[in-house]
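When you get a sec, could you build the whole thing from the sequences and use the hints?
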Amino acid sequence: MTQSPVQRLVSSPEGRLAVIAVAVFVLMAALSPDRFLSLQNLTSMAFQFPEFAILALAMTLTMLTGGIDLSVVGVANLSAIVAALIMTRLTGSSDGTVVFLVALCAALAVGMAAGLFNGLLVAKLGLPAILATLGSGLIFTGFAIALTGGSAVMGLPAAAAWIGNSTILGIPTPLILFALLAVGLSLVLTRTAFGVKVRMFGANPLAARFAAVNIDAMLIKVYVASGGLAAMAGMVVMSRANSAKADYGSSYLLLAVLIAILGGVNPYGGYGKIIGVVLAVLSMQFLSSGLNMVGVSNFARELIWGSLLIFVMIVNTWRPAGRRN
Amino acid sequence: MKIDWTRNETLVALVILAFCLLAALSDPSFLSIATLTDLLRGGIVLGIFAVAAMLVLISGGIDVSFTAIAAFTMYVTAMTLNALMPWMPWWAALGFGMAVGAGLGAINGLLIAGFGLPTLIVTLGTLSIFRGFMLTFIGQKQITTLPPSMREFGRMMLIRGENADGSFYNLHGAFVVTVLVVVLTWFLLQRTMLGRQIYAIGGSVESARRIGINVRGVQFFIYVYVGVLAGLAGVIHASMARVANPFDLVGLELSVIAAVVLGGARLAGGHGTLTGTILGVALIVLVRNSLIVLGIPATWQSVTIGLLILLGTGLPAWQAKRAAARAA
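Listed in order, the protein sequences are those of chains A and B. For the first sequence, our numbering begins at 1 and goes up steadily by one. For the second sequence, our numbering begins at 1001 and goes up steadily by one.
Keep in mind that the hints were calculated from the coordinates and are not lab data. Don't take each hint at face value.
Pairwise CB distance ranges (calculated) [to be verified]:
no., chain 1, residue 1, chain 2, residue 2, range
1, B, P1086, A, R89, 51 to 61 Å
2, A, V294, B, I1138, 14 to 24 Å
3, B, Q1140, A, L27, 52 to 62 Å
4, B, R1326, A, S297, 52 to 62 Å
Virtual Cβ for every residue (Gly too), placed ideally from N, Cα, C.
Shown next, in the form of structure tokens:
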């Protein structure tokens, strides 16, 4: 049966999501054209979403293997706190660019070490990912609290503002960072043997084992990468807040899961595309910024995000009665 | 009686005993009625939540929305009773909360049993929906003057007393409700066909369907029952705290699930006992209340709980993996 382009578009989850993203954008632009389409609003949206969008990338990667990473926010905060502590201790009279780079590397190292811990728990101990990362997330958050006594680390050098608050050629740096990470992850997942193994394992772990995939090594790499992405998100949050604290972004955990699932990622593994996640992030950001403008409260966002998730799930799984198997 | 060392329950019970032993050694006043009543008090709301979470885990699902149901219910109950029915007796206030909770649980049930959507996704969505709806359309302010019925319930004490050193201890009457919930759920799970069907669905949905179990009906019942328990817990929480704060409770869901899993319930479904769940809750409450007695500062609380979760679930998982490797 030949399909029209429109049919082909709405037959995939990503296609439907693209329609939703465009529709939300057009709707919001029509509701308050002068404000929603203003350069100021577009820039502020571009500064807002990368931090939780990067967490959603980490979540997507682990979900592709049929796992999940509930420790992302804990890892992000712990890495950011380590970085912030390094910067506040080492920065002298300079603007701190060198120290910032050292701190960034330290944060990434912490994030990847935390990811390695998760990976070992999941791969070597055989713990279900949801439990391993739930427990380890508490441990990472606990370390973050113990390091700071629960208060915020402040007094960061000027260079720390670069990753979250500056622009390169007029484009917000966090947006560029997110774009690079998303494209990079997408290439890794679609163009490398590693990406094929990840999806193969997620779709059918037993088949992957019989195909001689080194599952333990693959899983460990996935969680290390997830930890690294979480650390990146933590640095963006730290830079935007100009401080680091153990309980920043606690609402981002469920949001990241929600975005990944909204983006068409199968939480039981095997299917998911980065473009879907990007479209889901954009739909959410357009919706919440637009609604903010027409005077809807922040709490209504939660309501709308939840409704959107359920609506998309119903559309994705709903089959007319006759075609159900 | 033969002790089965491979069970989670045994492991958790041993950890609890060791904890109490160490605590008693470092501070002899730990072994007092006041510690016990504090522990029981801390387990009232958590215990009801845990029973609800366990039921869903047994059926092979996972529910993260029960805290939002509880928060929604306690807020709406306090508000409605204040405005319309201040004359209601305390037991009717609990009943009202259970009815609101049942309604919200039915929404979960409809989406899960009716549309066949994955439980994690549905409850993640409804968590945001219930909370967002309450905060957007109902209110964001704390209700500090609770209706008379909830105030009356909040003052009900089972035991009241004074220690030798002059400090007071008491046990809240709501403890009886938690005990009733546990007994009722035990009866449901062990003595009714419906309960066995819940285990059967958790074991294998397809097998359950083929032996003629009405899978959708049972699933719908589970989520309504969980809603009822969550609503009850919400009203009790507000009555005991003497304030209905809409920002309370949400955020506890993963700790509750952790407590249940510590007690031996499996995420894959089909396994879970009330004994294990109660022990898991007891351990979490013990760590929260009394870690300081062991000389560990309160800032290390979440590290300890995290380690306990990893140990409590990691040891059995590791044993299972070794056994599987030996068999292969």
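We went through each hint and held it up to the structure:
At roughly 59 Å, the beta-carbon separation of B:P1086 and A:R89 lies within the given 51 to 61 Å, and the hint holds. The given range of 14 to 24 Å is respected by A:V294 and B:I1138, whose C-beta atoms sit roughly 20 Å from each other. Judged by the Cβ atoms, the range 52 to 62 Å given for B:Q1140 and A:L27 is violated: they are separated by roughly 27 Å. About 58 Å separates the C-beta atoms of B:R1326 and A:S297, a value consistent with the hinted range of 52 to 62 Å.
In summary, the one numbered hint that this structure violates is 3.
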